[in-house]
Amino acid sequence: MKSFMYLVMGMGVLLSSCGTAPREEASLRPVKIKTVESLGMTDKSFSGVVIPDQYSNLAFKVGGPLIKMNVDAGEKVRKGQIIAEIDPIDYRLKYEASRSSFLTAQSQMKRAEKLLAKDAISHQDYESIRANFDNAKAAFENASSLMEETKLRAPFDGYVHEKFVENYQKVQPGMQIVRVINPSSLQVRFTLPEASLALLSEYELLVEFENYKGILFKSRLKEMVPASTDGAGMPVFLQLDDKRFNLSEYNVGVGFICRVILRHGNTVAKESSVVPVAAMVADENGKNPHVFVYDEATSSVKLRKVTTDDLVRHGDVVISEGLQPGEKVVVAGATRLVDGQKVKVLSE
3 MKSFMYLVMG MGVLLSSCGT APREEASLRP VKIKTVESLG MTDKSFSGVV
53 IPDQYSNLAF KVGGPLIKMN VDAGEKVRKG QIIAEIDPID YRLKYEASRS
103 SFLTAQSQMK RAEKLLAKDA ISHQDYESIR ANFDNAKAAF ENASSLMEET
153 KLRAPFDGYV HEKFVENYQK VQPGMQIVRV INPSSLQVRF TLPEASLALL
203 SEYELLVEFE NYKGILFKSR LKEMVPASTD GAGMPVFLQL DDKRFNLSEY
253 NVGVGFICRV ILRHGNTVAK ESSVVPVAAM VADENGKNPH VFVYDEATSS
303 VKLRKVTTDD LVRHGDVVIS EGLQPGEKVV VAGATRLVDG QKVKVLSE
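At position 61 of the sequence shown (counting the first as 1) the number is 63 in my numbering, and the numbers step up by one without a gap.
A few of these clues could be false.
[Unchecked claim] Quick list of simulated restraints, FRET-style, between CB atoms:
no. : residue 1 : residue 2 : range
1   : Glu143    : Gly65     : 16 to 24 Å
2   : Arg101    : Lys78     : 46 to 54 Å
3   : Ala99     : Gly65     : 17 to 25 Å
4   : Gly255    : Lys70     : 24 to 32 Å
5   : Glu206    : Lys172    : 49 to 57 Å
6   : Pro228    : Leu348    : 39 to 47 Å
7   : Phe166    : Ser124    : 54 to 62 Å
8   : Ala299    : Pro195    : 52 to 60 Å
9   : Lys245    : Glu143    : 45 to 53 Å
10  : Ala234    : Arg101    : 56 to 64 Å
[As the list claims (entries may be wrong)] Below, computed lysine-lysine pairings styled on BS3-like, alpha-carbon distance capped at 30 Å:
no. : residue 1 : residue 2
11  : Lys34     : Lys245
12  : Lys307    : Lys36
13  : Lys78     : Lys96
14  : Lys78     : Lys245
15  : Lys78     : Lys63
16  : Lys139    : Lys120
17  : Lys172    : Lys96
18  : Lys330    : Lys36
19  : Lys81     : Lys215
20  : Lys34     : Lys307
21  : Lys330    : Lys289
Keep in mind the hints are simulated off the structure, nothing from the lab.
By construction, the Cβ of each residue, glycine as well, lies at the ideal position given by its N, Cα and C atoms.
Please build the complete structure, drawing on both the sequences and the hints.
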């Protein structure tokens, strides 16, 4: 509390006429007012977008001409389904050659084992034949693997989000072919200003989708990138873990716009209020914090002492005593007011 009192005193605002009758003025003094909010219902809202939690950019491990592209963007795929194929002719030739060498080495190996059992062959000759067999086997397994790599398969059930190449195009190893997304695993991304970083631990995280207004889904912090790459703020990723969120019931997909709501979850805080720090003024001794409360019936302001707590959010202060949610306080022009003065409200 001392730190906040120093802030109020540092404003240098002294009400030299507190407790005295207002002077008659030729015109009403213009002010801006704001309705007092309950801290327990204080929300901070940010724009977010739905992104996939599980996706894969598929690429061939081998290169060659693309001869089959079996899917289009937006098409559903099943795990193991062949998405694309490259021309396997060169790999088939290597496969057939290595298979023939392997079968020959295998036959020689079996014969050598029988001869060794009869002591009709030396151990040195046997080890040489065995080495040839192991090499032939490894070459055949490698050729078999390369043949299989000419077919690109879906790693999980999902849909094709984007296609990067067209059929009959020559592709290189590692070149992206398609992006497959798991639609049943989603997360929300939004950008949080650095000044609001503390809100992640103090506030409840809720998500509201544009096509389901009024339904707030609980979420949890999954990841935060502790750096602002473009100066706009830090990327934050939320995991939707609300049991009510069922994709079979709610039509939500990648790219959907949503609203991320940070709501104060402290039930004790519901008894407190929050106002902008600009509403705070000091008494004639420059000490006790006060606010000017606006009375709509008389279009005048009343000076009221309040008890302050810590600063929250960016430029707001918690009032633990002296104000009720729904009351209106002056947030601009308060430094030139006196108790009981009539004012003209510019905006709220």
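For a quick check of understanding: which of the numbered hints are violated here, in increasing order?
Going through the list in order, the structure violates hints 2, 8, 11, 13, 19 and respects the others.
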